[in-house]
Amino acid sequence: MELRRLTKDGVLTAVALAIFTVELQLPELAPVPGVKPGLANIVTLVTAFTLGPWDALAVLIARIVLGGLIAGNPAAILYSLCGGLAAYLVTVLMRRLVTEKQIWVASVFAAIGHNAGQIAAALAVTGTPSLLYYLPVLAVSGVITGAFTGFAGQFAVRRLGKALRK
Amino acid sequence: MAKTRTWVILIVVILLLSGAASVFLYAPRSPAGGVARIYVDGELVRSVDLSALSGEERFTVETEGGVNVILAEAGRIRVESADCPDQVCVRRGWLSSSPAPIVCLPHRLVIRLDGGGAAVDTEVG
Chain A
1498 MELRRLTKDG VLTAVALAIF TVELQLPELA PVPGVKPGLA NIVTLVTAFT
1548 LGPWDALAVL IARIVLGGLI AGNPAAILYS LCGGLAAYLV TVLMRRLVTE
1598 KQIWVASVFA AIGHNAGQIA AALAVTGTPS LLYYLPVLAV SGVITGAFTG
1648 FAGQFAVRRL GKALRK
Chain B
15 MAKTRTWVIL IVVILLLSGA ASVFLYAPRS PAGGVARIYV DGELVRSVDL
65 SALSGEERFT VETEGGVNVI LAEAGRIRVE SADCPDQVCV RRGWLSSSPA
115 PIVCLPHRLV IRLDGGGAAV DTEVG
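Those sequence lines, one after another, are chains A and B.
Going by the numbering used here, the residue at position 130 of the first sequence is 1627; the numbering climbs one at a time, nothing skipped.
Going by the numbering used here, the residue at position 103 of the second sequence is 117; the numbering climbs one at a time, nothing skipped.
Hints were generated in silico from the structure; no laboratory data involved.
We put the beta carbon where it would ideally sit given N, CA and C, even for glycine.
Don't take each hint at face value.
Said to hold, decoys possible - Simulated pairs of lysine-lysine, DSS-like, Cα-Cα distance not exceeding 30 Å: (1) A/Lys1505 with A/Lys1533; (2) B/Lys17 with A/Lys1598; (3) A/Lys1598 with A/Lys1533; (4) A/Lys1533 with A/Lys1663; (5) A/Lys1505 with A/Lys1663; (6) B/Lys17 with A/Lys1659.
Claimed, not checked - Label pairs and their in silico Cβ distance ranges: (7) B/Ala34 with A/Lys1663: 46 to 52 Å; (8) B/Phe73 with A/Trp1551: 33 to 39 Å; (9) B/Phe73 with A/Gly1507: 19 to 25 Å; (10) B/Val81 with A/Leu1586: 36 to 42 Å.
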């Protein structure tokens, strides 16, 4: 039982890291820090909706720490962690509020939470309140990217849910 | 469980509100220029009066993280080059009148404009 769980979490982390690494190669979408597709969140979403909150947390943290090292940008780990944990909390909360056909809704709110968490971290680091001006732009990008990753995640849950829950 | 339509309406409302706010915040407004203040770690390290500039002024700001080369002209300022990993600050381009600052998160560097004398200064940091 435990071995099965460990294996599933490990495979999901590997998938998340692969997606993350591919996303690193994509060109920047907009010259605003934090605007990116966040495709690796598909895995967090799928894990949360199939295996549950604890597995999702483990996969998330492993992906962020290892991903930060792969990207050669350990300073970014702090921002990713703040954003990732905020998105995670929103996802866990939304899990109780949405059906399997509304997973994309949870993803939209998680993406907005992700960007708000990143701004909070940047605010704390730079001590610059005017960073809050980026919140609306990041909310717009969060809705769009969140819906996209959400539908991808929803599709994955529908197709892989049974196998993952076994 | 709420109906999907309820969620869609909520999301569209958020999208419209934040979209309108973004356009408002990024839209150029007059007068351009003013004073550009450069902060590292939340502390003011240099300010340039863009309205008083006639030619180019190029200078470097060294931080713990690395170096940013900043170019100021009459009414506008930009990060010309930087050795940060993401280059977001360089790609942001010219800042001339938007209240949204140029940010280089890896170097904890922020460039913001404080408009002419009429601008309300609600600075906290």
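How the hints compare with the structure:
Distance check on the hinted pair: A/Lys1505 and A/Lys1533 sit about 27 Å apart at the alpha-carbon level, within 30 Å; holds. For the hint pairing B/Lys17 with A/Lys1598, the CA-to-CA distance comes to about 10 Å; that is within 30 Å, so the pair holds. The straight-line distance between the Cα atoms of A/Lys1598 and A/Lys1533 is roughly 25 Å, inside the 30 Å bound, and the hint therefore holds. At most 30 Å may separate the alpha-carbon atoms for a hinted pair to count; A/Lys1533 and A/Lys1663 exceed this at roughly 33 Å.
In summary, the hint linking A/Lys1505 to A/Lys1663 is supported, as the alpha carbons are separated by about 10 Å, within the 30 Å threshold. Under the criterion of a C-alpha separation no larger than 30 Å, the hint pairing B/Lys17 with A/Lys1659 is consistent with the structure, at around 25 Å. At roughly 47 Å, the beta-carbon separation of B/Ala34 and A/Lys1663 lies within the given 46 to 52 Å, and the hint holds. Look at B/Phe73 against A/Trp1551: about 51 Å separates their beta carbons, and that is not inside 33 to 39 Å.
The beta-carbon spacing between B/Phe73 and A/Gly1507, approximately 50 Å, falls outside the hinted interval of 19 to 25 Å. Between B/Val81 and A/Leu1586 the C-beta distance comes to about 37 Å, which sits within the given range of 36 to 42 Å.
Checked against the numbered hints above, the structure breaks hints 4, 8 and 9 and satisfies the rest.
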